[in-house]
Amino acid sequence: MRKLLLILSVMVVSVATVVAQDKPYMVAFYNLENLFDIYDDPETHDEEFTPDGIKQWNETKYQKKLTNMERVLFDMAAIQKDYPIVIGVSEIENRSVLEDLISQPKLKGANYRICHYDSPDARGVDVAFLYRADVFKLEGSDNIKLVVEELPDFRTRDFVVMWGTIEGEPFYFLVSHWPSRLGGKEASQFKRDACAKQIREIKDKLLAENPNTKVIVMGDFNDDATDASLVKVMGAKGKVKDLAEGDFFNPFFQMLRAGHGTLAYQDMWNLFDNICVTENLVNDEPGKLKLIKGKKFYGNIFRRPYMLQQEGQYKDYPLRTFVTNNFQNGFSDHFPVYIYIGK
Numbered sequence: 003m004r005k006l007l008l009i010l011s012v013m014v015v016s017v018a019t020v021v022a023q024d025k026p027y028m029v030a031f032y033n034l035e036n037l038f039d040i041y042d043d044p045e046t047h048d049e050e051f052t053p054d055g056i057k058q059w060n061e062t063k064y065q066k067k068l069t070n071m072e073r074v075l076f077d078m079a080a081i082q083k084d085y086p087i088v089i090g091v092s093e094i095e096n097r098s099v100l101e102d103l104i105s106q107p108k109l110k111g112a113n114y115r116i117c118h119y120d121s122p123d124a125r126g127v128d129v130a131f132l133y134r135a136d137v138f139k140l141e142g143s144d145n146i147k148l149v150v151e152e153l154p155d156f157r158t159r160d161f162v163v164m165w166g167t168i169e170g171e172p173f174y175f176l177v178s179h180w181p182s183r184l185g186g187k188e189a190s191q192f193k194r195d196a197c198a199k200q201i202r203e204i205k206d207k208l209l210a211e212n213p214n215t216k217v218i219v220m221g222d223f224n225d226d227a228t229d230a231s232l233v234k235v236m237g238a239k240g241k242v243k244d245l246a247e248g249d250f251f252n253p254f255f256q257m258l259r260a261g262h263g264t265l266a267y268q269d270m271w272n273l274f275d276n277i278c279v280t281e282n283l284v285n286d287e288p289g290k291l292k293l294i295k296g297k298k299f300y301g302n303i304f305r306r307p308y309m310l311q312q313e314g315q316y317k318d319y320p321l322r323t324f325v326t327n328n329f330q331n332g333f334s335d336h337f338p339v340y341i342y343i344g345k
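First residue of the sequence shown? That's 3 in our numbering, and the numbers climb one at a time after it.
Hints listed in this document are in silico derivations from the structure and should not be mistaken for laboratory results.
All of these numbers come straight from a predicted model, not from anything done at the bench.
Accuracy of the hints is not assured; some may be wrong.
The list that follows gives simulated cross-link-like pairs (lysine to aspartate or glutamate, DMTMM-like), each with its CA atoms no further than 20 Å apart [what the hints assert, rightly or not]: (1) LYS241 to ASP286; (2) LYS139 to GLU169; (3) LYS147 to ASP77; (4) LYS147 to GLU203; (5) LYS187 to GLU152.
With the hints as constraints, model all of the structure from the sequences given.
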């Protein structure tokens with residue numbers, strides 16, 4: 003009888019293990035909106051985010067910002083009852099602020115590692131990854147300078163890339179924050195087109211070397227999923243049926259068409275925050291890791307009432323950290339986005 007009970011116990015543990023492995027993985031991106039420390043960096047224009055600066059950015063406000071970011075990321079994890087395996091982030095000042103973020107009590111359990119490189123951006127903001135080394139087995143990482151032929155001395159955020167395996171399958175992640183629409187969308191479009199062109203070239207080279215590599219590109223693109231920079235230049239298609247081998251697929255294309263967005267401006271919603279994947283993550287054979295569709299869309303936007311402005315001119319907009327120089331104790335002017343991959 004004892005032997006039978008032991009066998010049954012082993013079977014239960016084995017089944018539980020299989021179920022845990024089969025649960026989809028969450029991959030996310032979040033623009034953290036000016037996550038700066040309080041110290042002046044003499045090499046960058048970060049003076050407004052210091053105690054003596056115009057925003058009077060001090061330790062109390064910084065800690066509130068960290069707590070707010072912790073709340074969002076932890077509540078995202080609660081959807082799956084598991085932490086995202088990869089989180090791309092933008093608008094962070096340096097590695098130190100990420101170390102402070104992953105040290106927050108509710109995020110410690112994820113045991114996140116950091117992939118970060120300093121960028122030449124004039125304000126000193128960077129992009130980076132947080133990743134779970136228990137799932138994503140890192141093999142290497144790098145930063146890649148954006149090349150804008152018309153502006154050889156242009157200073158902006160680098161691309162940050164990392165590669166490795168998930169359940170033995172090769173993955174390549176890229177996070178970027180494309181140049182803003184400062185000066186007007188049309189006048190600044192060539193800069194974002196340069197980002198899109200370079201990302202497509204990186205993807206094409208990777209797949210030429212190993213067609214099995216699954217590429218996931220994410221970031222704040224400062225263009226919508228339906229804009230030409232993504233659709234034509236980067237080649238990110240919005241419908242699965244249109245995909246050919248080697249194409250990018252944008253899970254957020256149809257969400258934008260349906261009226262969803264991640265940031266609001268002049269009473270209009272945009273969806274600048276995107277996660278695009280290569281066709282082999284959509285159409286791979288059974289038993290391989292694939293992009294998983296939800297009830298309606300392949301992409302997901304995370305928003306909760308506490309992340310929204312509750313009153314005034316910007317009611318129902320994302321609740322920001324500052325409106326001009328007035329501290330709102332908010333979260334970000336962007337909502338985070340995420341996808342699921344699984345078998």
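How the hints compare with the structure:
no.: 1; hint: LYS241 to ASP286; result: holds (16 Å)
no.: 2; hint: LYS139 to GLU169; result: holds (9 Å)
no.: 3; hint: LYS147 to ASP77; result: violated (34 Å)
no.: 4; hint: LYS147 to GLU203; result: holds (13 Å)
no.: 5; hint: LYS187 to GLU152; result: holds (17 Å)
Hint violations for this structure: number 3 only, all remaining hints satisfied.
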